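Asker: Assemble chain D onto chain S, guided by the hints.
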Amino acid sequence: MKQTLLYDEHIKAKAQMVEFSGWGMPLHYGSMLEEHKHTRQQLSLFDTCHMGQISLKGKDALAALQRLVVTDMANMEAGRCRYTILCDQRGCVIDDLVVYKLGEDEFILMANAGPVAGDFAWLQEKVGEMEISLERRDGEYGKLDLQGPKSRDFLLRLAAEGGFKLVDGMSIDQMKWYRFAYCELFAVPMIISRTGYTGEMGFELYPPAADTVRVWRELLAVANDEFPLRPAGLGARDSLRLEMGYPLYGHEHSRQTTLLDVGFGYGKKVSYDKGDFFGRESLLAQKEAGPKKCLVGFVVLDRGIPRAGATVYRADQEVGRVTSGGFAPSLGRAVVLASLRCGEVPEGEFFIKVRDKRLKAELVELPFYKQGSVRA
Amino acid sequence: MVEESYPDGLKYSEKHEWVKVEDEAAVIGISFHAQKEMGDVVFLELPEVGKTIAAGEPLCDIESVKAAEQVYCPVSGEVTAVNDALGEHPEKVNGDPYGEGWMVRLKLSDPAELDKLMDAAAYKASL
Numbered sequence: 001m002k003q004t005l006l007y008d009e010h011i012k013a014k015a016q017m018v019e020f021s022g023w024g025m026p027l028h029y030g031s032m033l034e035e036h037k038h039t040r041q042q043l044s045l046f047d048t049c050h051m052g053q054i055s056l057k058g059k060d061a062l063a064a065l066q067r068l069v070v071t072d073m074a075n076m077e078a079g080r081c082r083y084t085i086l087c088d089q090r091g092c093v094i095d096d097l098v099v100y101k102l103g104e105d106e107f108i109l110m111a112n113a114g115p116v117a118g119d120f121a122w123l124q125e126k127v128g129e130m131e132i133s134l135e136r137r138d139g140e141y142g143k144l145d146l147q148g149p150k151s152r153d154f155l156l157r158l159a160a161e162g163g164f165k166l167v168d169g170m171s172i173d174q175m176k177w178y179r180f181a182y183c184e185l186f187a188v189p190m191i192i193s194r195t196g197y198t199g200e201m202g203f204e205l206y207p208p209a210a211d212t213v214r215v216w217r218e219l220l221a222v223a224n225d226e227f228p229l230r231p232a233g234l235g236a237r238d239s240l241r242l243e244m245g246y247p248l249y250g251h252e253h254s255r256q257t258t259l260l261d262v263g264f265g266y267g268k269k270v271s272y273d274k275g276d277f278f279g280r281e282s283l284l285a286q287k288e289a290g291p292k293k294c295l296v297g298f299v300v301l302d303r304g305i306p307r308a309g310a311t312v313y314r315a316d317q318e319v320g321r322v323t324s325g326g327f328a329p330s331l332g333r334a335v336v337l338a339s340l341r342c343g344e345v346p347e348g349e350f351f352i353k354v355r356d357k358r359l360k361a362e363l364v365e366l367p368f369y370k371q372g373s374v375r376a
Numbered sequence: 001m002v003e004e005s006y007p008d009g010l011k012y013s014e015k016h017e018w019v020k021v022e023d024e025a026a027v028i029g030i031s032f033h034a035q036k037e038m039g040d041v042v043f044l045e046l047p048e049v050g051k052t053i054a055a056g057e058p059l060c061d062i063e064s065v066k067a068a069e070q071v072y073c074p075v076s077g078e079v080t081a082v083n084d085a086l087g088e089h090p091e092k093v094n095g096d097p098y099g100e101g102w103m104v105r106l107k108l109s110d111p112a113e114l115d116k117l118m119d120a121a122a123y124k125a126s127l
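Protein chains in written order, with our numbering: chain S, 1 to 376; chain D, 1 to 127.
Don't take every hint at face value.
What the hints assert, rightly or not - Here are a few chain D residues that face chain S, going by a calculated C-beta distance under 7 Å: (1) G39; (2) D40; (3) V42; (4) F43; (5) E63; (6) V65.
The set of hints was computed from the structure by calculation and includes no laboratory data.
Predicted model only: the values in this text are computed from it and were never measured.
Cβ atoms here follow ideal geometry from the backbone N, Cα and C, with glycine treated the same way.
Looking at chain S on its own, in the form it has when it is part of the complex (with noise of 0.2 Å):
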């Protein structure tokens, strides 16, 4: 298994260690539901150091992105942060990204820890003619995620204190949702994104690979009463985004999905018209034809936790699978994202087989949790 860089320090905090797309990472660090509320409520600190980044720079970068992803970047402005999806010829989903724009020939691609090798071979294959150069940037930066209602004032007090500044001197609570910024950390030098995947306030940091280890130490050292920063596990970070309803490569979405069959209003990040780009004619094909399938959420009303792979019904009809179920702290029941075959299905109560139990479960509009701090 790989280790992150953070891996010595895990093991002496005594995570509960679990292997995640290949590497060895902190499951929890003593309690997933403590670790969740904790985030909810206060703030906490995730290793995502096993993440891809990918550099594109070159004459031709914008070209090449334009190409490569579903979404129209050509609007983009130096310092945004854009969600988007890679897509093959058939419009199934090689990943999901955060595109970073750091200037007019420059971006970085965020890309999930398991797809990002086939992300980026998929990328050199497809734009070996085009003037620009493409490069793995994890092994030289690591990645943390700084999460929770408040981190902005956890931030705002550090820099009070001086160890924390936005290069271009402006205040980090002028940072909107999907920007980024150069910053210095204890002065070292990074850069810092209003993004996360939790559902609150947050930001997501990128030192280097050399200090990533000490900015870590340096900021959980620094946690106090009014600002009790802990470390938080890959449990955790997932119970935050089911809650979000936000979609997990390899779950709502893989190389077996067409971008359309996801649902959740992907086929809005689609830019139909911005030129040709991988997967546009098979997905105009299917948009014709309308979707198969839809993501939907369920509560979970009785007791018991589907797990991906569920089996959904209607009256007594298979109507579909779960693709992520879990306990929703936050809400004290289960929840799951479930795949739906779409048309026509027959009327009546929803369940939800665990094992040889038929759960009740009520369709909801996603978020499962609605006051999330993200966009404060």
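Answerer: Same frame as chain S, but now just chain D:
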């Protein structure tokens, strides 16, 4: 977080249940090790009072944030009480596994079965 412990005076099974003998009754729960491996417990389905369960049979379904598991009955007997408080507060299984996290009280049908279980030292050594 509760500290790791395996109290003397309890009997332990290979499947990580503990048994506390009180006259002809046995109180049953899961060990520190079991709750730690399982992670935060969020649902339990305890048996009905009056049910007879043989040693080795499932005693209750337990669901944690990580997975669904079964707790097996380490000794045979009739269920005389269950810890209803776990319905509202399943986290007690994690927070106090040998106290408020108890699950079932049984009337023992074959007290000799207790001899097949481990004492605290043997159980600790088996982990």
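Asker: Would you mind marking each hint as holding or not holding in the structure?
Answerer: Now the hints, each set against the structure:
1. G39: Given a least distance of 6 Å, the restraint on G39(D) holds.
2. D40: This interface hint holds because 4 Å falls under the 7 Å limit.
3. V42: OK, holds: V42(D) within 7 Å of chain S, min 5 Å.
4. F43: holds, 5 Å
5. E63: Result: holds, 5 Å to nearest chain S Cβ.
6. V65: holds, 5 Å
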